[in-house]
Every structure is written in structure tokens, then in C-alpha cells.
Amino acid sequence: MNHHSAQSGKEQSSMLRTIETLMTGLIDYAGLFPPSKLDMATATQNYARDLRSQHERFLSRFICPANRLDELTQHASSLMPGTHATSGYREHADFQDPWQISAIIIGDLQENLDRIYAFNEHHDNEANGLAMVDAIEMRVGKPDDIDEALELIPELIVPAFELPREAIFEGDPRGFIAAIAGSGG
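107 is the number of the first residue of the sequence shown in this note's numbering; add one for each residue after it.
It is worth saying that the hints were derived from the structure and are not from the lab. No residue lacks a Cβ here, since even glycine has one placed at the ideal position from N, Cα and C. Honestly, I wouldn't trust all of these hints.
Stated by the list, open to error - List of simulated lysine to any residue pairs, SDA-like, C-alpha gap at most 25 Å:
#  : residue 1 : residue 2
1  : K248      : P171
2  : K143      : D156
3  : K248      : L215
4  : K143      : S120
5  : K143      : L262
6  : K248      : R271
7  : K143      : M238
8  : K116      : R163
9  : K248      : M238
10 : K143      : S184
Stated by the list, open to error - Simulated restraints, written as ranges between beta carbons of each label pair:
#  : residue 1 : residue 2 : range
11 : L258      : S166      : 22 to 30 Å
12 : A147      : G213      : 18 to 26 Å
13 : R271      : S184      : 37 to 45 Å
14 : D250      : D134      : 24 to 32 Å
15 : E227      : M121      : 40 to 48 Å
16 : P270      : M121      : 38 to 46 Å
Put together the whole structure using the sequences plus the hints.
Structure below.
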């Protein structure tokens, strides 16, 4: 092997590590939504399988509407880390992180946050399966809605806001810019 091919091999290896680092945790699992539109049981089984696959490092949060968190608990608790410990089968209990969930907010924010708090409290116990809603996604009508939402959302939950195009590009953009700056984004 000559010096040039050894150098290009090192460069390729370095580039692959860089790409892998950039891709880590990049993909949220949205199996409940189009185009897949899977039922909760199938979506949670697929997510659990993918978390144990060779590509698990690229996978991030399970996306779930907040109004379906009880259904998520029903179908996924036995698949989540920690639950194996109650049966004496600890192979996965010791090394898997809790499932990260991003909850889609539909309807009243406070009602959805109450569901999230109940879900997080329930899944903070190893026997119930370890999981945590640590991100939310919600549509807002105007930039001022972001400020109102941030008053309610705890700091441990990362919010993402979807604004209608016209709220961003029409009229004076200062309200939008102030809302983004105020969110710490």
C-alpha cells in the first residue's frame, strides 16, 4: 500500500465518523403518521426492534400525539427498558436508556401537559417501562402564541412550534423574530 492510498483510507474513515456523528439521533420515529400510518401496537414493536438494530444510533424520539399517550403505555410498556427487571430477566434493563417521546399537542396545551406529566411520572418507575416525553411539537396561529405557550411549558421539555407560512412571511417579521429570540432558540 502506498502512502497516498493509506492517507485516502484515513480520510475516508474520518469522513465516515463525521457523517455518523452528524446522523446520531437525527431520525425521529413517526410510524403512526403518513405514509406508514401504523397502529400503535405495530409502531411500538417496530420502534423497539429498531432501537436494538445496527442503526439504533441514528434513531431518536418516538413521535406520539399527547392524546394517545395512554395507548402508548398500553402497547409499549413491556417493550420499554426496565420492564425486564421485574421478571428477573435483566438483559436489557441495565443498559438501555428510557424511550424518548415527542408529543404532538392537539387542542388545549394545559390538558396535554397534564397528560404528559402523568405519563412521565408513570414511566419514571422501572416496573412500568422507562420512558419520558422530553419534547413537544405544536402548531400556533401567530408568534404571540409562542410566548403564551412558553409560559406553561417546563424547561425540561423542548418545544417545537409550527407557524403558518403567512404568519412568518407577511407583514412585520419583528414579532416572529422576538418570539424566536425569547424561546432561547
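Failing hints, ascending?
4, 5, 9
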